[in-house]
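Protein sequence lines correspond, in order, to chains C and A.
Quick note on our numbering: the first sequence kicks off at 1 and runs consecutively.
Quick note on our numbering: the second sequence kicks off at 330 and runs consecutively.
Keep in mind that the hints were calculated from the coordinates and are not lab data.
Predicted model only: the values in this text are computed from it and were never measured.
Treat the hints with care, since some could be wrong.
Only some residues are given here: those of chain A computed to face chain C with a beta carbon under 10 Å [as the list claims (entries may be wrong)]:
| no. | residue |
| --- | --- |
| 1 | Gly479 |
| 2 | Ser605 |
| 3 | Ala680 |
| 4 | Asn871 |
For glycine and all other residues, C-beta sits at the position ideal for the given N, C-alpha and C.
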Amino acid sequence: MLAYIGRRALLALFTVWAISVLSFAIIQLPPGDYVTSYIAQMASMGSAVSDEEAQALRLQYGLGEPMYVQYLKWMNQIVRGNFGMSMEWRRPVIEVIGERLWLTVAVSVSALILTWALALPIGIYSAVRQYSAGDYIATFIGFIGLAVPNFLLALVLLYLGFVFFNANIGGLFSPELQDAPWGGAKVWDLLKHLPIPALILGLAGTAQQIRIMRANLLDELRKPYVVTARSKGLPERTVVLKYPVRVALNPFASTIGYTLPYIVSGSIIVSLVLGLPTVGPLLLKALIAQDMFLAGTIVLLLGVMTVAGTLISDILLVWIDPRIRLEDT
Amino acid sequence: MSQRRPWTRTLRSALTLILSGALLTAVVTAGALAQGGKTSLIGKLEGPEVVTDSAKWPKAFKEAPQLAELVKAGKLPPVAERIGQDPLVIKPLQAIGKYGGTWRAGFTGPADFWNGFRCCSGPDHLMFWDYTGDKVLPNLAKSLEMQDGGRAWLVHLRRGMKWSDGKPFTADDFVFWFEDIYRNKDLVPTPSAAMAINGKQGAIEKVDTYTVRFKFPESYFMFPDVLAGATDLAGQMWGYRALGGFAPAHYLKQFHPKYVSAAELDKKVKDEKFDSWVRLFLAKNDWARNPDLPVLSPWKTVTPINTPTWTLERNPYSVFVDTAGNQLPYLDRVVLTLAENLEVLNLRAIAGEYDYASRHVDLGKLPVFIENQQKGNYKVYLDPGDYCDLIIKFNLNYDADPEIGKWFNTADFRRALSLGIDRDQINETFWLGTATPGSVVPVDSNKYNPGPQYRKLWSTLDLKKANDMLDKIGLAKKDAEGYRLRADGKGRLRIEIMTLGGQFVQYTQISEMIREQWKKIGIDLKVQEVERSLALQRTANNEQQLGAWNNDGSEHLFTFPLHVFPYEVAAVATSGPHYAKWFHSAGTQGKEPEPRMKELMEKWKRAFGVPEKERIQLGKEVWKIAAEEVYIIGVVGQGPAAMGVRVVKNNLGNIPSRMYNSPDGKTPGISRPATFYWKN
Chain C
1 MLAYIGRRAL LALFTVWAIS VLSFAIIQLP PGDYVTSYIA QMASMGSAVS DEEAQALRLQ
61 YGLGEPMYVQ YLKWMNQIVR GNFGMSMEWR RPVIEVIGER LWLTVAVSVS ALILTWALAL
121 PIGIYSAVRQ YSAGDYIATF IGFIGLAVPN FLLALVLLYL GFVFFNANIG GLFSPELQDA
181 PWGGAKVWDL LKHLPIPALI LGLAGTAQQI RIMRANLLDE LRKPYVVTAR SKGLPERTVV
241 LKYPVRVALN PFASTIGYTL PYIVSGSIIV SLVLGLPTVG PLLLKALIAQ DMFLAGTIVL
301 LLGVMTVAGT LISDILLVWI DPRIRLEDT
Chain A
330 MSQRRPWTRT LRSALTLILS GALLTAVVTA GALAQGGKTS LIGKLEGPEV VTDSAKWPKA
390 FKEAPQLAEL VKAGKLPPVA ERIGQDPLVI KPLQAIGKYG GTWRAGFTGP ADFWNGFRCC
450 SGPDHLMFWD YTGDKVLPNL AKSLEMQDGG RAWLVHLRRG MKWSDGKPFT ADDFVFWFED
510 IYRNKDLVPT PSAAMAINGK QGAIEKVDTY TVRFKFPESY FMFPDVLAGA TDLAGQMWGY
570 RALGGFAPAH YLKQFHPKYV SAAELDKKVK DEKFDSWVRL FLAKNDWARN PDLPVLSPWK
630 TVTPINTPTW TLERNPYSVF VDTAGNQLPY LDRVVLTLAE NLEVLNLRAI AGEYDYASRH
690 VDLGKLPVFI ENQQKGNYKV YLDPGDYCDL IIKFNLNYDA DPEIGKWFNT ADFRRALSLG
750 IDRDQINETF WLGTATPGSV VPVDSNKYNP GPQYRKLWST LDLKKANDML DKIGLAKKDA
810 EGYRLRADGK GRLRIEIMTL GGQFVQYTQI SEMIREQWKK IGIDLKVQEV ERSLALQRTA
870 NNEQQLGAWN NDGSEHLFTF PLHVFPYEVA AVATSGPHYA KWFHSAGTQG KEPEPRMKEL
930 MEKWKRAFGV PEKERIQLGK EVWKIAAEEV YIIGVVGQGP AAMGVRVVKN NLGNIPSRMY
990 NSPDGKTPGI SRPATFYWKN
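Work out the full structure, taking the sequences as your base and the hints as a guide.
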């Protein structure tokens, strides 16, 4: 068991390194660099930046050096906990991401909780009562939820919110509390703004999870041990919840690997549409402006979270499901 | 590009879909708009006036209540002392206002710094335009005096005027900027064209505490306009690029290697996590980013642009006053909230969450704005520009395909293409009929406008003439689908137009319409939308064929020539990168232009050293050549597409019914937002 975890951890470390190289390379792929996009910005506002000024800027930002030198410099900083300076925001990357990270987590976690709170019971219900009216309704709504892109839903809710409820457009805070220090009033304000993004973000996931739960549970319900349990005369509730549901939960444990980065990045488009101050829009803007340290750090962060998530789910699976443990040793 | 970020495309079209849904519901409003609603939305050009006659200046001053409190508490000197002996007096448009309140608007992130400069910097130019955008008047400078036949200019500063931290604003701030910032190669690698005449650099010297002399080797009659325009001498907006003409010496010296030891400076750089003193210095001299920077503007940054809310508050040492002696601004605070995308910004404006907004407001949503006027308690105004909202640049240096390059350099080819555009259709579809179709020349009232006949020159729809011209120059053969064939026998003549998405004008969509229109003259156009950096790279590599853009600013021909002839070194749409290089290197690099273009460039350059009357004549001739040769196709102009749709709360006072709209006027800066006030 320990050897297994150790091996996995080593592999994870290697993967993180590979991700750092990849994320750095990806950011370098588009034509130009931050200075070109800065010049473009200036040009579109009507002022010209001379070749010499551009050259000087590249020098200041260290953009003139060969790629591997830039990479090594970046790594060298990161190892010491300095993620560099965001070129566009002109603030340390950590500060720029930091303030948005917690809001992102708040939005995504509430979406996740909503997803599970809805999906698990509905999934169980439609498996146990397969082909009942309730199952059909749940399936129907589920497929609609899957089919409607959530940004479209966001737009519709935004517009309806404005037309019928005169709600604040976008954002996670009322304008008055935007800059207020954290306190009871601000948290309450945040909680009031959370349901809509959480609902929008959670809906597609919910549909998917319902389907997965239903399919898994249907597989299990037909197995002989369920028949045995039933024939022993256990009450139906115990039969379903105690054994098949637990087994059917397996795939959920294995998806934690994707869930962690989803918490940070899953809301990009919806955040953009709803104007939420989360990491998503920041990443998009950083990529457009070719703000490489900021974009690189976010991409790296997502990579590390995927790896960490996978590691956790590996360990979790081994722990929940003795069968995996046996196969592995 | 579209392949690279497919989902942004889908997102954009989805956003468009939803809002066009809203648009449909407002179709009635649109109908009303088309029938004379236009006239009621575009009002009379008006604005506040600067009182230059010192005899009419108020003798006693009043201040905002919270500042009076501070004076009472002994934390601030009395108001008269803060303003000094020579206030900058502004006669408000309608009425003397009342103190208090906040101005709410939106911004789109740290790259949107023009937003704040335009609204809140005063403007802090030494000289500035009157509200017509035509006449140059003293602004921060008390007066400007020409000496030595235009080779020297005396700037008289206002006595007792102060920076926002209470330290005096004097000639030393100019000398410091010139000697230690401008001439420092690390801070300013290339000397500015604004500080030079005919390529020869000028100098700044101190005469006395309140007098500065700008000296040039040759006559520089354009100098007042250069100080007034959005040039490199335009005040603290360019501080972050180490330009501006002056800088707070007493504050910035602590970050300059000439005044502090290397070790001490190094420590400061490290403490603030910068890589070099240059970046630290530029960050400290950034009006939008550094709340500690002493400023001269009516409002100053308190929470910087790189946070979710960019907040500005009144500057207690503001030198701006109204005719009754009230220190300006009237409004206490300006709060710009971050909008993660333009649709959110527009929806917030529609919902009435902004008090005054014009930047990023989308003309395409005009009907929705009008529909919600009552609900949002605001009024919509249109501020058409004096320039062209859509131009198409031929890259005269295009050489990747010699055949196409040859046609671009054939005047009749360019003219025929211009005649093949149905400008009315474009105007109706994208400007809702609010703009004027025509050539590149500025509005008729502009002093450099060569005459009304040039508006229509080569700029009407005439398919027969266009087809005849194309036939005659050697493009008579067509393929089965009716498209013209190349003269070199290599199949169909295909040309490409490069556009950018997400701008004030919908370049891509309009180009698609032109593509359809050009089918009728047998021209096969390919529309390619690219992202900004790629556009820049393509123009720099001379890979662009046609480029769509607008020529805003070009109505100030001499301070803003980027879209008149190949002038720009880095551009998102170019009409000839080699010509631009030739022009800037005085003929030592790049490629020599054809005679007519050369004539245009020479006339433009000559105008800087001649008196105004002669300059106006030269300006007219520049525009004449531009219109005759059609180096750039003018499509639709004098419309409100670029920041010309203004959404203002009904109870905000001193709002002009129409204002001069241009980057040079820092609109709404030209209407002196320091005089805006809440009526109740």
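Comparing the hints with the structure gives:
1. Interface hint status for A/Gly479: violated, as the beta-carbon distance to the closest one in chain C is roughly 25 Å, over 10 Å.
2. Below 10 Å, beta-carbon pairs count as interface contacts, and A/Ser605 has one with chain C at about 6 Å; its hint therefore holds.
3. Residue-level restraint check for A/Ala680 holds (minimum Cβ-Cβ distance to chain C is 5 Å; threshold 10 Å).
4. Taking 10 Å as the C-beta cut-off, the interface hint given for A/Asn871 is violated, the closest approach to chain C being about 15 Å.
Taken one by one, the earlier hints fail for this structure at numbers 1, 4, listed in ascending order.
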